[in-house]
Amino acid sequence: GQQVMQIPQYQHVQEGEDFTTYCNSSTTLSNIQWYKQRPGGHPVFLIQLVKSGEVKKQKRLTFQFGEAKKNSSLHITATQTTDVGTYFCAGRHRGGGNKLTFGTGTQLKVEL
Amino acid sequence: AAGVIQSPRHLIKEKRETATLKCYPIPRHDTVYWYQQGPGQDPQFLISFYEKMQSDKGSIPDRFSAQQFSDYHSELNMSSLELGDSALYFCASSPPERNTEAFFGQGTRLTVV
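If you read the sequences in order, they're chains A and B. So for the first sequence, the numbering used here puts the first residue at 1; every next one is plus one. So for the second sequence, the numbering used here puts the first residue at 1; every next one is plus one.
What the hints contain is simulated information worked out from the structure, not anything from laboratory work. In this text, a Cβ means the ideal position worked out from N, Cα and C, and glycines have one as well. Some hints could be false.
Claimed, not checked - 27 Å max Cα-Cα, derived BS3-like pairs, lysine-lysine:
#1 B:LYS22 <-> A:LYS36
#2 A:LYS109 <-> A:LYS59
#3 B:LYS57 <-> A:LYS36
#4 B:LYS52 <-> A:LYS70
#5 B:LYS15 <-> A:LYS99
#6 A:LYS70 <-> A:LYS51
#7 B:LYS22 <-> A:LYS70
#8 A:LYS99 <-> B:LYS22
#9 A:LYS36 <-> A:LYS109
#10 A:LYS59 <-> A:LYS36
#11 B:LYS22 <-> B:LYS57
#12 A:LYS70 <-> A:LYS59
#13 A:LYS70 <-> A:LYS57
#14 A:LYS70 <-> A:LYS99
#15 A:LYS56 <-> A:LYS70
#16 A:LYS99 <-> A:LYS36
#17 A:LYS109 <-> A:LYS57
#18 A:LYS109 <-> A:LYS51
Said to hold, decoys possible - These stretches of chain B come out as covered by chain A in the derived footprint (C-beta under 8 Å, 3 or more residues):
#19 53-61
#20 99-106
Isolated chain A (complex conformation) (with noise of 0.2 Å):
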């Protein structure tokens, strides 16, 4: 089946610190959101990328999508406590239709 995987699993840092998480699909997809969600909350859409090869930028977050649009990265700068939360990649597989299936997750905290 069509399998979304993220690592790590979990990652500590002090603030200031930078910070990537990496996601891998098992198929190609035609695109791939980022997510994030503090505790208690529910999933936010940070972004979404469709070219192959595509970099975008929000501020300290940046945002990657492969080649061959089988994997995806968010690298965060400089940690803030902010930015705590589990942040999950979600892509739509080529002839998946709609569905959009989420990435197991990289929860992040940060420490003063």
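Mind docking chain B on chain A? Use the hints.
Frame of chain A, contents of chain B only:
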């Protein structure tokens, strides 16, 4: 701005009982998704609807059914509840433009005892 509304927010049921979860999408959104999220788990896709028709089906048990009504709200019906059904159930909606972001509701926390 209007968001996705889910009700109830919390629900406690006994084993073998039934439950109905409701979702009211953002106005003008024509696609509704249902996800199940266990503790510490990623959201698992259950089912989705587009223009009141089932569009995709995921890991939804046969004991569950769902539909989207003429006003675009959706209901997830769960029967013969099991302890393992305890989870957060999220509904999300998307606008008519294809392959866009999904807006999630606050979720319904179902506890089966």
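We went through each hint and held it up to the structure:
1. With a C-alpha separation of about 24 Å, the suggested pair LYS22 of chain B and LYS36 of chain A falls inside the 27 Å cut-off, and the hint holds.
2. For the hint linking LYS109 of chain A to LYS59 of chain A, the alpha-carbon distance of about 19 Å falls within 27 Å, and the restraint holds.
3. Among the hinted pairs, LYS57 of chain B with LYS36 of chain A is consistent with the structure: their alpha-carbon atoms are about 24 Å apart, no more than 27 Å.
4. Of the pairs offered as hints, the one joining LYS52 of chain B and LYS70 of chain A is violated, with about 31 Å between alpha carbons and a cut-off of 27 Å exceeded.
5. For the proposed pair LYS15 of chain B and LYS99 of chain A, the alpha carbon gap of about 30 Å is over 27 Å, so the pair is violated.
6. Proposed proximity of LYS70 of chain A and LYS51 of chain A is supported: the alpha carbons are some 11 Å apart, at most 27 Å.
7. This hinted pair does not check out: LYS22 of chain B and LYS70 of chain A have alpha carbons roughly 34 Å apart, beyond 27 Å.
8. At most 27 Å may separate the alpha-carbon atoms for a hinted pair to count; LYS99 of chain A and LYS22 of chain B meet this at roughly 20 Å.
9. Restraint check for LYS36 of chain A and LYS109 of chain A: satisfied, since their Cα atoms lie roughly 13 Å apart, inside the 27 Å limit.
10. With a C-alpha separation of about 15 Å, the suggested pairing of LYS59 of chain A with LYS36 of chain A holds against the 27 Å cut-off.
11. Under the criterion of a C-alpha separation no larger than 27 Å, the hint pairing LYS22 of chain B with LYS57 of chain B is consistent with the structure, at around 18 Å.
12. For the hint pairing LYS70 of chain A with LYS59 of chain A, the CA-to-CA distance comes to about 25 Å; that is within 27 Å, so the pair holds.
13. Only pairs whose Cα atoms come within 27 Å are accepted, and LYS70 of chain A paired with LYS57 of chain A is accepted, the gap being roughly 20 Å.
14. Using a Cα cut-off of 27 Å, the hinted pair LYS70 of chain A and LYS99 of chain A holds, with the two alpha carbons roughly 16 Å apart.
15. Only pairs whose Cα atoms come within 27 Å are accepted, and LYS56 of chain A paired with LYS70 of chain A is accepted, the gap being roughly 17 Å.
16. Using a Cα cut-off of 27 Å, the hinted pair LYS99 of chain A and LYS36 of chain A holds, with the two alpha carbons roughly 19 Å apart.
17. At most 27 Å may separate the alpha-carbon atoms for a hinted pair to count; LYS109 of chain A and LYS57 of chain A meet this at roughly 22 Å.
18. At roughly 30 Å between alpha-carbon atoms, LYS109 of chain A and LYS51 of chain A are farther apart than 27 Å, so this suggested pair is violated.
19. As drawn, the region 53-61 of chain B meets chain A at 3 residues by the rule of a beta-carbon pair under 8 Å; at three or more, the given contact holds.
20. With a threshold of 8 Å between beta carbons, the proposed coverage of the region 99-106 of chain B by chain A holds, since 8 of its residues qualify and at least three are required.
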